[in-house]
Amino acid sequence: MNNDWMKLDNAAKIYPLVESDYNTSVFRFSATLDIEIKKDVLLKALNLVILRFPYYKVTLKTGFFWFYLEENNENLVVFEDIKMPCRRMIKEENNGYLFRVLYIDNKISIEFNHILADGTAGLIFLNTIVFEYLKLEGYDVSINEWIKDIESKIDEKEIEDSHSIIGKKYIKTHCNKVDNVKGVYHIKDRIINRNKYIITYGIMDSNLLHDTAKKYNCSITVFITAIYLENLIEIQNEQTTRKKKRKAVSVQVPVNMRKRLQSESMRNFSLYITPYLIPTKEYTFEDIIEYVKRFFEEKTDINNLLRLMVQNLKTEKSPFVRFLPLKLKTIITPFIYNAKGVDTFSGTISNMGKIQLPESIEKHVLRIDFILGPCPLTKCKCSLTGYMDKIYITFGRNTKQARVETKFFRKLVKLGVEVQIENQGGDIL
Amino acid sequence: MKYCMKCGVSIDEEKNRVCPLCNTIILTNEEIDNLTQQNIKIQQSVKRDKKQSKEKKEKINITGFTSFIVLLSSITSIIILLIIDFLIGFNIDWSVIPIMSIILFIFLICLSYMRTFKNIYCYITIDTIVLCIYFLLLNYITSNRISWSYFVVLSIILLWFYLSTIFINKLKGFVLKISIDFLATAIFVLLVSLGYNNDSGFAKLALPINGLVFILTVISYLFIKTYIYNWRAIISTLSINVSILCFGIDLFVQRYIYDKLTLNWSYIVLIVLIPFTLFMFYLDNRYKIHIYLKKKFHI
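Sequences listed follow chains A and B, in order. Under my numbering, think of the first position of the first sequence as 1, with each following residue one higher. Under my numbering, think of the first position of the second sequence as 430, with each following residue one higher.
Here chain B stands alone, though its shape is the one from the complex (with noise of 0.2 Å):
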């Protein structure tokens, strides 16, 4: 019986080569005579210099600095283009979306850069805000109405909904998740397609498409969390939730446009993913598939 030097316990040298619980060499008899002093010694100075050269690599920190310095370019960016404008016509004129356009920057760059607030969503959230109101000012200093940024922010909103979904830790549980971002996306369609005054894409399209996407994900999650372990299965399982993605998609494209129940591409996704699918089950059920042949056929 010999004992692992890292774990402590015994072993039979002569079933087990190895610590079988943390494979640290046992060795034997033989072995321990015939370790020399200055084998040690030899391992022991190539480990010493391998730790002096991690030891010798540094870190600087140069956020601090580096904001403060955006900071003050930004500012007299800005005052220069004050005076500039102020020189050229003697009054503010277009200069005033360039200096929109540095506060913006200030905004995203530099609160990142200063740490101001402890949690990423924070940051998040404030940009949303920041760039909401940048592009609602900018539309309307351009247009002096309320047109495109429309659906800027409305984009942007979205993206927030779905961000929330992902740092807001009070929310538990993949499927609430993913039930806030549906309604959050069905609800932007909706004003989106309001916005064009036209609300039958939303009715006919977008609310189906959404709705296909929200339970192929439920499923797919479903399925991953419960068969984590099996690759083939997620694989196949996933396959089949993108064939019938694209099935619908197009079905509903189609009815949509021709007002005609058709396929048009999604049976060339089909076509490669059907097989492909097939033969992921063919191999994770291989053994049982062979059996079966076996026995039914005789092969």
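Next up, chain A with everything else stripped away, as it sits in the complex (with noise of 0.2 Å):
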């Protein structure tokens, strides 16, 4: 970090036009250990990790044009997980800090706002924090790929905006425009509150996931995918009885983008594809899981990504959107995200894949979630986890019924997959 401020990066920027009560651009990733979290060791492990990660001990200011990350000198603050996950980042509540850390039990969690960093990054911050809590309660651990040694070196590469970086070197090569579907169904559901988010989650035998994955000769990715839209398309059909009045449904899926592009960055660095079915067609269960990973495989062309890439560059860069000034910006955005961002799909699935611990930590750790922040229209969000020999599905929603997750888990045991469900909190009733 240069002059004790950042750009934001490109993905970044439209998160604080857009982030409300209702839409918080949070998401959280949570450690469950095997002894009770201690407040004052949490806090000191954080504050040994934060040292290693400068770039996260930032604050978001306002510019003339955009906002930017400054230098936050403010003392770091753990807080006890009693209040709803993914709420808003409240800058009095959190010192202006936009990740907040909190403890319940023997659980540490992690809540991130996308400003700063996309999952892939938030949970190797959470990782460390588990190791150096590990580390000062006395145990002998070790760390991997999916851990930073606090001794390090701060990589220059680690603060990148990776998007802005690669997308300017493919500027010219790669200029096409990629088409998304619009205005696909959303679920027709009341909200129920802005401060409540029901968290349900599906724990399950990786093996046997993948087994049924495998029958159906897919990824457990194509296959959640396929689920998840073959639930949307019944929920449209309930919702919707008028066969005129169906729009497409679509889930947006992120692509970590850091392996393919040989990315240091610890901020974001992900892109997103969105499959969608047409409601005119019929479709059965296969023909699904067929399409998404036709789409998955066309879609995810390195070729296609980068077109991506540099389309969200040229919106980044375009004289209109460069030069209109920040107050103007935060009035017109929600509109435009309203209609050319969240109008692109009616669900989201991160799957943050196999989680592989040091031995040493993973016998302290028993379980990994990762929680995506709610969003009103949509409604629901889906993200997995692979831990050990479990999968975590874990659904966010903030209306009443659970109509996406009763699908969906339902189709998994009719399937053949065993799944244990929870619950935050114990029954809502």
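None of these hints come from the bench; they were simulated from the model. Given the structure is predicted, the values throughout are model-derived calculations rather than measurements. Treat the hints with care, since some could be wrong.
As the list claims (entries may be wrong) - Under the rule of at most 20 Å between Cα atoms (straight-line distance), these lysine to aspartate or glutamate pairs were calculated in the DMTMM-like manner:
id, chain 1, residue 1, chain 2, residue 2
1, B, 724, A, 93
2, A, 363, A, 36
3, B, 431, A, 205
4, B, 725, A, 93
5, A, 196, B, 713
6, B, 444, A, 418
7, B, 654, A, 343
8, B, 435, A, 389
9, B, 654, A, 298
10, A, 354, A, 298
11, B, 723, A, 92
12, B, 717, A, 93
13, B, 654, A, 19
14, B, 717, A, 343
15, B, 724, A, 418
16, B, 435, A, 92
17, A, 91, B, 713
18, B, 724, A, 92
19, B, 444, A, 422
With the hints as a guide, dock the two chains, each given alone in a separate frame, to form the complex.
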């Protein structure tokens, strides 16, 4: 970080313009340990870890054209995890930081504002805190690629905005526009309350899910996306009886670009693909799987992703967007985001894949969860983590009825996957 | 661990008394032991009774029969009217108007009863044409020229435009539809003004009001679409827009009548709506406002 401040990365620029109590732009990772968490030790661990991640020791400031990040020298705080998960970052409450560390019983959670980083970077930060916490508790633990050594030197590449750097490289060769489906279906349910976000966890055996997906000759992500899309189609058929009124359904799936483009960035570096189904066609489950599989193969092709990256960069660099004062951007962007952003997907699935921690840590960490923040229009979001021999599928919703989750897990049970269900905070009657 | 009977998922009965997915009660071992066969039988018989009472209700389809009766009685009425009129003066005179009205009635009612067209928009279009012809003929027969019917026909056509934007599925997007409605209204007002041989009302009054309504409708629509989940924001926006509309209408009317930019009645609306909007704004942002007040005034 040069001169104590830095620009927001290309993907982050939209978040402060659209975030609200309803759309918080916050995601959460939790690690459940086999020991009870002590507040003072956790704070000590956090204070040590933050020195290795100076790019997270920042606060959001208002410029004339854009927001920017400035070094924050305020004290770090850890919170007891008793309020709604993924709630909005409030400056006054959090000393201006864009992440918060929480604890309850034997669980450490970290909530990140998307302005700061994406899931992969957030998970590395959490793992590093867990590593440091266990070390402070006197355990002999080691690191791997999912954890940063706090003694190591900070690499400049970690701070880079890979979106812009790589986008600029390919701006001339990959300038074709990438089309997206628009005006998609959103679940028609009333939002319960902006201070409530209901979390449902589905826990299943990873081998069993993997084998079931293999029966259909596809990956877990494709399999889960296909079930989600089928559910959305069914929900739409129930809610919209007139065939003519039915819209396309689509799911937003983030793609981590770090490995594909050799980036070390600890900021946002993900792109999104949105497989969709059109309402005029009749699909069997096998058809959907075949379609999603083909869609993934086609859209995750590196050239297609680069085109998407260039498109995002071009939007940011267009004179109108660039020179529109921030005050006006704040007024206009929610409308544009609604029309061009949320209107292109009916739900979100984020798969973090299998998280592998060193054996010395693995024996203390019982579980790792991932929760995506609320969205008032899609109303339901799904996230996956694989840890040890289990897969944790988490649904977050801000509606009373668990439409998607119910259909989703029932379908998995029907396909032969045994699912254990938990919800945050016990019964909701 | 117990299994939900509906979902098939396993649930820890000590943490959850109901299934987190479908709210089905999860019974503990003790409750299962206490469940008697008698209880289940009573519940089943109650369900069966309810089902039977529902099945008793039958629907009778009478639409075809009704349309036939209406058509028959209409034709009979026409014949009777013709005979009476002819017998009184040995020519067809006054009966033309009631006969025309009966024919109009047949078109409006019987066509829809007979389900001649599949699409409701076809009925609307046919009814529009029939109504226009009816009023034009009526006007011509009664006064030998087209006078008042000109305005009636214009109004019917305007209404048809409004309905077209609702029913034509090929027209996508609310903004496009509202733009067509705005244009249709502007042309309507222009033609009405020309009908009075005076277009000042169009330029000074109708067009600005129409434009204002159009802009405020588009703004309201965008707000509702974006903040559909936040009813307070929607009510605030609608309240602000209604205030602006009343304020605008009042100003335009005053300028048109007295050639002065003064307010006559809209301030009463503003007195009511501005505090209401501020209250809604407060409700929506009360947490932020409380924090701000605490910080600044130590309240």
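Notebook entry, point to check: Which numbered hints turn out to be false for this structure?
Noted result: Numbers 8, 9, 10, 14, 15 and 16 - these are the hints that the structure violates, sorted from lowest upward.
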